[in-house]
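Working from the sequences, and respecting the hints, build out all of it.
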Amino acid sequence: MIPVKSTEEQRASYTQAIIDMWNSATRDQVRRGRTWYSKAHEFAAEIAAGNTHKGAGVLAALSANKSWSENCRLARKAFYEGSASGHFSDAISKANRIMAGTDPAEVLPMNIKTGCFYVCIAQPDHPETVVIDRHAHDIAVREIYGQRERGLGALGRYNTLADCYRLAAHRLGELPSTVQAVTWVAHLERR
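Going letter by letter, the sequence shown gives residues 1 to 191 in the UniProt record's numbering.
No wet-lab data here; the hints were simulated from the structure. Be careful, since some hints might not be right.
SDA-like, lysine to any residue: derived pairs with alpha carbons at most 20 Å apart [claimed, not checked]: (1) K77 with N65; (2) K66 with R76; (3) K5 with T160; (4) K5 with L155; (5) K39 with T52; (6) K5 with L167; (7) K66 with T160; (8) K66 with I144; (9) K5 with R134; (10) K66 with P109; (11) K77 with A45; (12) K66 with N23; (13) K66 with S93; (14) K5 with G151; (15) K66 with S83; (16) K66 with H126; (17) K5 with N96; (18) K77 with E42; (19) K39 with L155; (20) K77 with F43.
This one's a predicted model, so the numbers in the text were calculated from it and none came from an experiment.
This is the structure in structure tokens:
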């Protein structure tokens with residue numbers, strides 16, 4: 001697990017690892033990463049009958065430890081059936097509250113992964129928000145942790161990695177969410 005308070009040298013290493021993963025992405029991976037959040041935005045609108053914020057909130061609420069395809073399946077099913085299922089009770093409760101009309105920003109923890117995921121889906125061109133999930137972490141530390149704890153619930157650790165993605169994005173001339181999405185695609189598809 002990375003330190004909650006990383007040194008400048010560690011931060012530089014994480015930032016470079018993100019840039020290196022970006023540079024290793026194929027043209028097709030870059031293309032798909034660049035459109036990832038806009039396509040998620042369209043999907044959110046589709047499942048929630050045009051209410052993108054509601055769809056994005058439910059997707060975010062049901063995202064923890066799920067693949068994107070499973071996340072989409074659970075969210076679509078929740079809207080179709082009128083209530084969420086197939087996840088931990090906390091995630092189900094949050095999704096149901098959002099479907100009932102509560103603003104996702106009142107339900108989700110807005111300063112860590114699920115809240116940031118909601119913002120990136122609802123506003124794909126948001127200039128600062130970036131999702132730090134297990135894959136974003138593993139990219140930055142150049143190691144696949146598997147089932148080991150990453151400690152991303154600690155704000156200091158989460159924010160360190162988010163800042164490194166923002167710095168990498170600045171250096172690449174991209175949005176932080178775009179850098180995260182492209183590196184995520186490249187990371188998941190590397191052999």
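Right, here's what the structure says about each hint:
Using a Cα cut-off of 20 Å, the hinted pair K77 and N65 holds, with the two alpha carbons roughly 18 Å apart. Restraint check for K66 and R76: satisfied, since their Cα atoms lie roughly 14 Å apart, inside the 20 Å limit. A threshold of 20 Å between alpha carbons decides the hint, and for K5 with T160 the separation of about 8 Å falls inside it, so the pair holds. Straight-line distance between C-alpha atoms of K5 and L155 comes to about 10 Å, which keeps the hinted pair within the 20 Å bound.
Our distance criterion of 20 Å between C-alpha atoms is met by K39 and T52, whose separation comes to about 12 Å. Proposed proximity of K5 and L167 is supported: the alpha carbons are some 17 Å apart, at most 20 Å. Taken as a hint, the K66 and T160 pair is broken in the structure, with Cα atoms around 24 Å apart against an allowance of 20 Å. A hinted pair counts as satisfied when its Cα atoms are at most 20 Å apart, and K66 with I144 qualifies at roughly 17 Å.
Distance check on the hinted pair: K5 and R134 sit about 18 Å apart at the alpha-carbon level, within 20 Å; holds. Proximity of K66 to P109 is assessed by CA-CA distance (about 18 Å); at most 20 Å being required, the pair is judged to hold. For the suggested pair K77 and A45, the alpha carbons sit about 14 Å apart, so the restraint of at most 20 Å is met. In summary, the hint linking K66 to N23 is not supported, as the alpha carbons are separated by about 27 Å, beyond the 20 Å threshold.
With a C-alpha separation of about 17 Å, the suggested pairing of K66 with S93 holds against the 20 Å cut-off. The hinted pair formed by K5 and G151 meets the criterion: a straight-line CA distance of about 12 Å does not exceed 20 Å. Straight-line distance between C-alpha atoms of K66 and S83 comes to about 18 Å, which keeps the hinted pair within the 20 Å bound. Restraint check: the Cα-Cα separation between K66 and H126 comes to about 24 Å, which exceeds 20 Å; the hinted pair is violated.
Proposed proximity of K5 and N96 is contradicted: the alpha carbons are some 36 Å apart, above 20 Å. The straight-line distance between the Cα atoms of K77 and E42 is roughly 17 Å, inside the 20 Å bound, and the hint therefore holds. For the hint linking K39 to L155, the alpha-carbon distance of about 29 Å lies beyond 20 Å, and the restraint is violated. A threshold of 20 Å between alpha carbons decides the hint, and for K77 with F43 the separation of about 13 Å falls inside it, so the pair holds.
Of the numbered hints given earlier, the model fails hints 7, 12, 16, 17 and 19; all others are met.
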